Amino acid sequence: MQLLTLTVVLLLLTSIGYRLGRGKAVATAGGNPRLLHSLPRYHGYFVALWCGLPALLVVALWLVAEPSLVRHLVQSGLPDDTLAIGEERLNLLYNEVRNVARYGMTASSPVVEAAAQRYGELRATLFAAAAALALALASGGLAFAYQRIKSDLRARNRVESVVRVFLVVCSTVAIFTTIGIVLSLLFESLRFFQSVSPIEFLFGTTWSPQMAIRADQVGSSGAFGAVPLFAGTALISLIAMLVAVPLGLLSAIYMAEYAAPRFRAVAKPLLEILAGIPTVVYGFFAALSMAPMVRDFGSSMGLSIASESALVAGVVMGVMIIPFVSSLSDDIITAVPQSLREGSYGLGATKSETVKQVILPAALPGIVGGVLLAVSRAIGETMIVVMAAGLSANLTANPFEAVTTVTVQIVTLLVGDQEFDSPKTLAAFALGLVLFFVTLALNIVALHVVRKYREQYD
Amino acid sequence: MTEMVEQTSAPAADAVTSRLKRRYAAERRFQFMGMAAIAVALGFLALLLVSIFAKGASAFVQTQVQLEVTFDAGILGVAPGADRDTLASGDYLGLAKAALWSRFPDVSGRAEKRQLAALLSPSAGDALRDMVLSDPNVIGSTRKVWFPVSDSVDMTNKGYLPRDPAVEGARLNAAQMGWLQSLEDGGVLTKRFNWQFVTTGDSRDPTQAGVWGAVVGSFYSVLVTLLLSFPLGVATAVYLEEFAPKNRWTDLIEVNINNLAAVPSIVFGLLGLAVFLAVFGLPRSAPMVGGLVLTLMTLPTIIIAARASLKAVPPSIREAALGMGSSKLQMVTDHVLPLALPGILTGTILGMARALGESAPLLMIGMVAFIVDVPSGPMDPATVLPVQVYLWADSSERAFVEKTSAAIIVLLLFLAVMNLAAILLRKKFERRW
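Residue numbers (our numbering), protein chains in the order written: chain A, 1 to 458; chain B, 1001 to 1433.
There may be inaccurate statements among the hints.
[Claimed, not checked] DMTMM-like, lysine to aspartate or glutamate: derived pairs with alpha carbons at most 20 angstroms apart: (1) A:LYS356 x B:GLU1027; (2) B:LYS1427 x A:GLU272; (3) B:LYS1311 x B:ASP1334; (4) B:LYS1144 x B:ASP1185; (5) B:LYS1311 x B:GLU1254; (6) A:LYS356 x A:GLU342; (7) B:LYS1144 x B:ASP1126; (8) A:LYS452 x B:GLU1254; (9) B:LYS1021 x A:GLU353; (10) B:LYS1191 x B:ASP1205; (11) B:LYS1144 x B:ASP1130; (12) B:LYS1113 x B:GLU1068; (13) A:LYS452 x B:ASP1251; (14) B:LYS1144 x B:GLU1068; (15) B:LYS1191 x B:ASP1126; (16) B:LYS1158 x B:ASP1185; (17) B:LYS1144 x B:ASP1091; (18) B:LYS1311 x B:GLU1430; (19) A:LYS351 x B:GLU1027; (20) B:LYS1328 x A:GLU160.
These aren't lab readings, by the way, just hints derived from the structure by calculation. Nothing here was measured: the structure is a model prediction, and the numbers come from that model.
Sequences are here, hints too, so could you generate the full structure?
Dropping the structure here:
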């Protein structure tokens, strides 16, 4: 609330700065803006930037730094015997302190109560300091910039260079995101590999993370063999591809080569709806509608199908990926030059012969690229498998049994209790790292294949 | 030459004709397969939507019973003149039960009375409390009030549970069925619109569980996402398309953006957990953090869409602007961006729709918590619609299946509106140069 007031005040000051700057510029020019180097509004922006930018940066900095700074200060004020209880319990204690200070809960001990009071005071002091600094910067900046307005001030160039810096900074967000992903995954995975060897993790065939909650348990490190997870992921992705590739490819061929424009105009958006439905909806459908149906059908045929079978998860995931495969293939098929088709028709081939013997071979690299992209989607897909595939890490190729996948395990390991240093939690990051690099490799290969193919006809 | 052709023509023509038949058959088969593939995909879509609408539509109505309530200060335990807190603490459920008992005066005995009272929802007293709080003078008077029934009665009345107590799975016994029948015959048991579902937060009790808390949580998350990803995305696209020199640095940025677009969403959740929660110490379950994670996830989509529509603006516009003496930035802000804006907005809406339907990364940052209160700001603990669907789908209660489907209908409705807006925007402003 206080923060909101401060921000509003700063923005108000900024808009006042704009008005003042613009007004002074017009006044300096004696009412004739042509005498100015820049348009009056640029003088306004110039003052506004000097007024608002440093102050808002201070506020942003305060927002980022405040929680850890306050925590550090509060903890340094705690008595020594409280500090000695270990990091985990200290975390809990600190949470309590925050709750007491913020929401007026009753404190469980005088230590907490004192700390809570200190917390409140510190926060108030820090906020006051930040607010004072921000306001001082804002008014100082306003006065400084206002003073500098002259008819030959290159206000536009100044403003534009600030905007340009802003644009460059924005464009680096993508890079920082990638760096953030790689570093956070790598860092936590390295901590995981301190307790479990990478060989064990990548090639072990037993996955049972629940056993390793306590570090002193015998054989706790033997339970992180991820092969059943990789196998389960591969099995479900394979089933999904067996559904998505034929259906997607055939519908793309029909849309591109046979369908009348009116049919295409209706059917294509309808097919795209499949891609727009949230995955959690597919998961619900797979778990509550498809799975019982398939299980009952199986038992009537004398087959025992697990209610969380790989088959159901795979088929539903395949349906989700159909539009992905079909729209990529459609693009690639329509990109095959018309001359190839006409040459084939000229030799007397029927449409289907042309498709099978001329167009598909020509489009093959592109289609392979598209399929690889679809595979990476299937591997990274989470909600469908979380809801419809099981938790049991079976090493099996039988689609009627329950298997588990990498993404399911990441979710199971991280939802619920949150001790950041147990191997159980860290294992999720190691799995995430594998997932990230596998999908990255698939994408790079796929994009490479697609690009190489495009160069042939462009 | 001609002789040879004539010599072979008769048998060859036969062979050609018969082969032609086979080839045409293959052609028809192939075409049919294409049709069938589309039919299968669309059939699945229809099956999905129909099954969800069939299951979920009934959650928007709730079985209610109309009873004559005497606001007896004795049962309530509070006097009309008491202050608000005392008034709110009265035994309103007891009042509702008393109303039901007085409708069946011949029911006696503790066990029977308890069974009769079990027909009412545990939240049956809420409406009475609201009535008393808004006007304490109703105490002492008699009114006709609609009460929600328990989920067993609701499910039985909607036909999801067998009405015959002897059938396996029935949750009401013969006596309860008899009372229910009598209420039905009396015309006081009907299905009315379920306001509770669209105005309250989550609950362990299916009759009280509502979707509003999740809707508000989704709103805050998507709002944060929009406020961050739109300016960031547009700025990045403008820089890459209009200003950036072609060098290794910009190539690196482009490769990065394309790769980020294909990173599984759950990895963004891991990033959020390791960076936003563990390093920056932001609160768990907050829509603010959800919005940050979704921003990073949707940013590539928006950048790619924005770049495509910036590219579609013809160079002549830029040349004309520069020729009239505007600076490069003026050219972009005054001419190129306004022309590209409809396309950028369309891409942004589609990105927001994707963010609205996303749940996996939000599971990582703790938005799966059971939260009853409707969040009042982006820092309050909250859940979002797709995660609410996931939570309810996990529940074993029969009544939650209906709620889950209904929550999905709400979600799909929002998505449909957003996509429709994007399509209309494109139709209205699309320009071919």
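Review point. Quick check: which numbered hints come out false for this structure?
Key: none
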